[in-house]
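Novice: Go ahead and model the full structure; you've got the sequences and the hints to work with.
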Amino acid sequence: MTTAVTGHELADALRERFGEAVVDSTDGAVWIAPAAIAGVCAFLREDEAHDYALLSSLTAVDYVEYFEVVYRLTSLSRNAMTVLKVRVPGRDGPSLPTVTPVWRGAELQEREVWDLMGVSFDGHPNLKRLLTWEGFEGHPLRRDYLEPPLPYTWPHGG
Amino acid sequence: MTLRTEPVVVSIGPHHPSTHGVFRMRLTFDGENIIDAEPVIGYLHRGTEKLAEERQYTQVITLTDRLDYVSSMTSNQAFVLSCEKLIGLEVPDRGMYLRVIASELQRIVSHLIGVGFFLQELGGFGGTALMYAFRERERILDLFEMLCGARITVSYSRIGGVFADAPADFWPALRRVLDDMPGYTDELEALVFESEIVQSRTKGVSPIDPVLAVNASLTGPVLRASGVAWDWRKAAPYDVYDRVDFDVPVGANGDNYDRFWVRIQEVRQSLRIVEQCIEQIEPGPVRATDAMLFRPPPGDSYVPTESPKGELGFYLVSDGSIAPYRCHVRAPSFINLSLFKEMLVGWKLADAIVSLGSLDFNMGEVDR
Chain R
140 MTTAVTGHEL ADALRERFGE AVVDSTDGAV WIAPAAIAGV CAFLREDEAH
190 DYALLSSLTA VDYVEYFEVV YRLTSLSRNA MTVLKVRVPG RDGPSLPTVT
240 PVWRGAELQE REVWDLMGVS FDGHPNLKRL LTWEGFEGHP LRRDYLEPPL
290 PYTWPHGG
Chain Y
183 MTLRTEPVVV SIGPHHPSTH GVFRMRLTFD GENIIDAEPV IGYLHRGTEK
233 LAEERQYTQV ITLTDRLDYV SSMTSNQAFV LSCEKLIGLE VPDRGMYLRV
283 IASELQRIVS HLIGVGFFLQ ELGGFGGTAL MYAFRERERI LDLFEMLCGA
333 RITVSYSRIG GVFADAPADF WPALRRVLDD MPGYTDELEA LVFESEIVQS
383 RTKGVSPIDP VLAVNASLTG PVLRASGVAW DWRKAAPYDV YDRVDFDVPV
433 GANGDNYDRF WVRIQEVRQS LRIVEQCIEQ IEPGPVRATD AMLFRPPPGD
483 SYVPTESPKG ELGFYLVSDG SIAPYRCHVR APSFINLSLF KEMLVGWKLA
533 DAIVSLGSLD FNMGEVDR
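Residue numbers (the numbering used here), protein chains in the order written: chain R, 140 to 297; chain Y, 183 to 550.
Treat the hints with care, since some could be wrong.
[Said to hold, decoys possible] Here are the computed lysine to aspartate or glutamate pairs in the EDC-like style, where the Cα-Cα straight-line distance is at most 20 Å:
1) K385/Y with D533/Y
2) K385/Y with D362/Y
3) K232/Y with E276/R
4) K267/Y with D166/R
5) K530/Y with D218/Y
6) K523/Y with E220/Y
7) K232/Y with E204/R
8) K232/Y with D501/Y
9) K232/Y with E286/R
10) K232/Y with D261/R
11) K267/R with E220/Y
12) K267/R with D218/Y
13) K267/Y with D424/Y
14) K232/Y with E207/R
15) K416/Y with D427/Y
What the hints contain is simulated information worked out from the structure, not anything from laboratory work. Note that the coordinates shown come from a computational prediction; the quantities given were computed from them, not determined experimentally.
Specialist: Take a look at the structure:
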């Protein structure tokens, strides 16, 4: 059975190396400062005691005051899973460093987060619209997104 | 004398029969060789995650049917598992067994379609293998119809169990399918893998290195074909997967051949699992009775499951209301596209079509 590494355990392991960058921890997750996320991820992938080779998923949640980017890491060798979270404040152009150099699998997922949530990733090789189209305005998964009115009235227009 | 050549950009899709739905490839050719490749997706984006935020948890189950529409049972199961984890709900044994039987049958359907289209994409063969695969698929869809009245959009798994107990005539019908399936599988395997043309066209084509595969978050048969024995049914058994015995087939080279070979072997393992479930299943309730009004406490949950395409999980964030605050789909079809460029560059167009098919993605799940 996959071990769920609790946030407290992981926070203790990370504090001696990253100190203040470890913001907070609960049973479910550990919160990392935005600027340090790429370094923490690289460490967790490369360090043999952790060996999180697989980035299971990367997504974001809009809590209105801030965005929370959620990294779910899996270690195949240890059969363990853990969760990193990053709080990114601000509605206008929130951003944090990319983890694409650490995991190739982050590339499409970060593009998706940028497209739908409007959180941008600094250093991403190809950060452009993914599910919506070029020229789409706004980021539809934000809580305050409103669909623009149709440019015609149904059923007469078209 | 050498002729000066210029790269040519060719857009294939979104309405091309070989691209498995509304998928577009932007390929750059030098002569016949691909020198750059980019997937262009989003043509089937329906905003499933946004829709889920405006619906009750129970209503979201019908949305999950429409994600991977050749594998609805496993999508339903992944979603309800995540819901059940939010409130720590215990599911009756019979409900879990029925879910696993349905999911494994669905895995067979999904892999049959994957392998069936494989020969189609190699060109020629007149769709024979595809029609063989669809014949078996049809019989399993008939079983689903007996279980829940629907064939594709099943909504069979519900929070706390399944929609209803299987009718009495389901079991003999399932028995007949299980008796016939090994023969069908042998037939399909012989048709596909004993063909010299298939072997010469697919062996060694578009190999994926295991380290790179893990790094690119590939999961499911695509990862296992590269030799990484990682299966969420083994790693973190959900429902009753810890009570059944099955093997995890792995490939050796991670090429197109292995990716299809692994799927055929998984069909056999799924049959094994269903057989064991039939032996173990006992009469009893199929659904926890306290699950009718679902209002979980604030919190989040994620349960990784092994769908036919790979790791499928729903990240649910609850704010204590009747609708999820956030419902993110970790869609294996979508993330398996991460190595699209590496797989295609250096090969020819005819190989690209097969490599694309070997990822066996489903556009409903890619675009969500």
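Novice: Hints first: check each against the structure and report whether it holds.
Specialist: Results of checking the hints against the structure:
A threshold of 20 Å between alpha carbons decides the hint, and for K385/Y with D533/Y the separation of about 11 Å falls inside it, so the pair holds. Distance check on the hinted pair: K385/Y and D362/Y sit about 30 Å apart at the alpha-carbon level, beyond 20 Å; violated. Proposed proximity of K232/Y and E276/R is supported: the alpha carbons are some 16 Å apart, at most 20 Å. Between K267/Y and D166/R, the direct Cα distance comes to roughly 15 Å. Compliance with the 20 Å bound is thereby established for this hinted pair.
Distance hint between K530/Y and D218/Y is fulfilled; the C-alpha atoms sit about 11 Å from each other, no more than 20 Å. Using a Cα cut-off of 20 Å, the hinted pair K523/Y and E220/Y holds, with the two alpha carbons roughly 6 Å apart. Using a Cα cut-off of 20 Å, the hinted pair K232/Y and E204/R holds, with the two alpha carbons roughly 19 Å apart. Between K232/Y and D501/Y the CA atoms are separated by roughly 16 Å; this keeps the pair inside 20 Å, and the hint holds.
Proposed proximity of K232/Y and E286/R is supported: the alpha carbons are some 12 Å apart, at most 20 Å. Straight-line distance between C-alpha atoms of K232/Y and D261/R comes to about 26 Å, which puts the hinted pair past the 20 Å bound. Among the hinted pairs, K267/R with E220/Y is consistent with the structure: their alpha-carbon atoms are about 13 Å apart, no more than 20 Å. Distance check on the hinted pair: K267/R and D218/Y sit about 18 Å apart at the alpha-carbon level, within 20 Å; holds.
With a C-alpha separation of about 17 Å, the suggested pair K267/Y and D424/Y falls inside the 20 Å cut-off, and the hint holds. Distance restraint check for K232/Y and E207/R: the Cα-Cα separation of roughly 17 Å lies within the 20 Å cut-off, and the hinted pair is therefore satisfied. At most 20 Å may separate the alpha-carbon atoms for a hinted pair to count; K416/Y and D427/Y meet this at roughly 10 Å.
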